[in-house]
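Top to bottom, those sequences are chains A and B. Per our numbering, the very first residue in the first sequence carries number 1; after that it's consecutive. Per our numbering, the very first residue in the second sequence carries number 193; after that it's consecutive.
You may find that some hints are simply not true.
[What the hints assert, rightly or not] Here are the simulated DSS-like pairs of lysine-lysine, each with C-alpha atoms no more than 25 Å apart in a straight line: (1) A:Lys187 <-> B:Lys289; (2) B:Lys220 <-> A:Lys187; (3) A:Lys187 <-> B:Lys350; (4) B:Lys289 <-> B:Lys220.
These are computed hints drawn from the structure, not numbers from a lab.
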Amino acid sequence: MNDLILSLHRLIDMGMTMAEELGTPEIILAAVFYVFAGISVLGALGVVLGRNIVHSALCLTASFIGIGCLYIFLSADFLGAVQFLVYGGAVAILIVMAIMLTRREDMAHSNPSRSIPHQLAALVVAGMFLLAMAAVALMSPFQTAPADIGDTVTGIADLMLTKYVLPFEIVAVLLLIAMIGAIILAKGVDES
Amino acid sequence: MNFLAIGTEIAIALLMLIVLAADLLLPKDVSHRRIGVISMVGLAVILVYTFGQYHIGASPTFFGGLFFVDNYALFFKQLFIIGMLFTILFSLEYTEKLLRYRGEFYVLLLSALLGMCVMASANDFITTFVGLELMTVSFYILVGARMTSEDSSEAAVKYLIVGAASTAVMLYGMSLVYGAAGSLVFSEVCRNIHLFYAAGLAGVIMVIIGFFFKLSVIPFHMWAPDVYQGAPTPVTALLAMGSKAAGIAVFMRILYTAFPILGNFWLPLLAGFAALCMIGGNIMAIRQTDIKRMLAYSSIAQAGYMMVGMAAADLAGMKAVLFYAMLYVFANLGAFAVLTVIDTERGGTSRRDITGLAQAAPLLAAVMTISLLSMAGIPPTAGFAGKLYLFTAVVERGYLWLAFVGFVMSMISVYYYLMVAKAMYRDLTPEEAEYAAPVYVPLTVRAAVLVSVFATLGLGICPEWLASLTNAAVQTFMR
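Model the full structure from these sequences, guided by the hints.
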């Protein structure tokens, strides 16, 4: 884990120096951001629109990885690493395993989509939401944090075990409950 | 670190673990009633303990003020504990006969209770969110707990999908509020003028919409009828009283302490949606033939009544909401205790299934009628006093039209509540003679319904006792 984070750091530093050498860091940074954001959004769209559920799972992984890249881009290297390992790795594999275990003969139409009017309605609503949020983002001045936030692992650990210790403990209970729930729902009605 | 401040939560978590361990130790084929009894005894002790936490001076906080144990939070915690205690009491028989995982059922009930208690005390968005998730995740599983029923599974999946979507909306809103205000703590958010920028407003709107989903406010209510109908009856009871009251507790705290400077924006919004809920909920309830489904629509209307008190946005309004939330718990306890027995004995909760209940089980028929009359707000019951408080509070703030809508809609609601009474009390035709056969009413259910009826009638005749408690509750609100 530590090595991973270190290499990520090196990658970021390399990118930054390269951008500075080229003389136009803002444009390159923006370009990088839009590439990663594009990967996550297109991946998410692929999940919804894909006809084959295995393709949907793959798109979901792409979306996870895009989001992980965005985290690293925002200097949240630890979060990015966790995103890669847990979501890009474990969760993606679990989802594919679950799909395989449902044993379908033909995967071609395993993810049926809604009729055209439904899709159009969804498109209109999503477009309106996008416009509204774009307007919101353009109209409001955001307070930005300093670019270099240092060691994020220590920062997260500090917050979790001091200021946010209570939510942290409650999340532990939440995970226990989720596990119990998953077990009883998976066991279902069958005995043994 | 002030551990006494989170004493209630620690006790509930411990009780949950004890129940979990006891379930493992208990042989499989033995009655699981004793686990229910352990939970009830534990909850009763915790309930008594919370009375000792009422205070006059500064409220205890835990770790930097992110967790606030004021009297307001205590009041709601007691409400949740009472609701949970009596729900377990009347559902012992149901759990034993109809559920597959009985021990886990009690564990999940207690974890939902823990989530509600955390929500009532939360003073920042992270704690709120975690508490909310603990409660809703427990409910997702509880709704699907009746493994043999397809309705139950369908309800669980619907609840999960809609719940996840609403959580996403709320979380997006919270992150926008954080981006605008630079803090997650309610008392710091409210001081930040950046909340007036577009990002802040969008965040506030999304947080409000997220809560509207959780409270099943029209037009975000489409999940409620199916989920209420499909869920196991005791879980429906908890969704109607616990989940809703917890949502209202934290929603009210967020509106009044985090977003008070935006009051001019959300007060009309709240009033409008309250009216929509009262009108839509009551009118749609008329056509329902399944009692659980009818109570789902009725609970939408009841959320509307409580939002009327929130729209008043002063101490009188808050007191009225607290009062109403508590009496709604007692009314729900009565109604759902009866439905639980019906569901266990007759295998359904449609209006057909309660036919002739007055002959089969006169006590249950009487309790059902009184509880429903309390929901409608007919005088000798507590519902009348509650609605009186709500509507006077809002009229004093100038929303005369809102009180008028509430008044007219209460009148309309009497119709469908009395349709249930009619089904129970009408003469049976010769073909329906089988419905007159006595229904077995366990002793525990008798105890639960008697408490609920005494509370409903007692609070209706002398509301001062509960009013003094609500007074104490709002006195220390965020001081």
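Hint by hint, here is what the structure shows:
no.: 1; hint: A:Lys187 <-> B:Lys289; result: holds (19 Å)
no.: 2; hint: B:Lys220 <-> A:Lys187; result: holds (15 Å)
no.: 3; hint: A:Lys187 <-> B:Lys350; result: holds (20 Å)
no.: 4; hint: B:Lys289 <-> B:Lys220; result: holds (14 Å)
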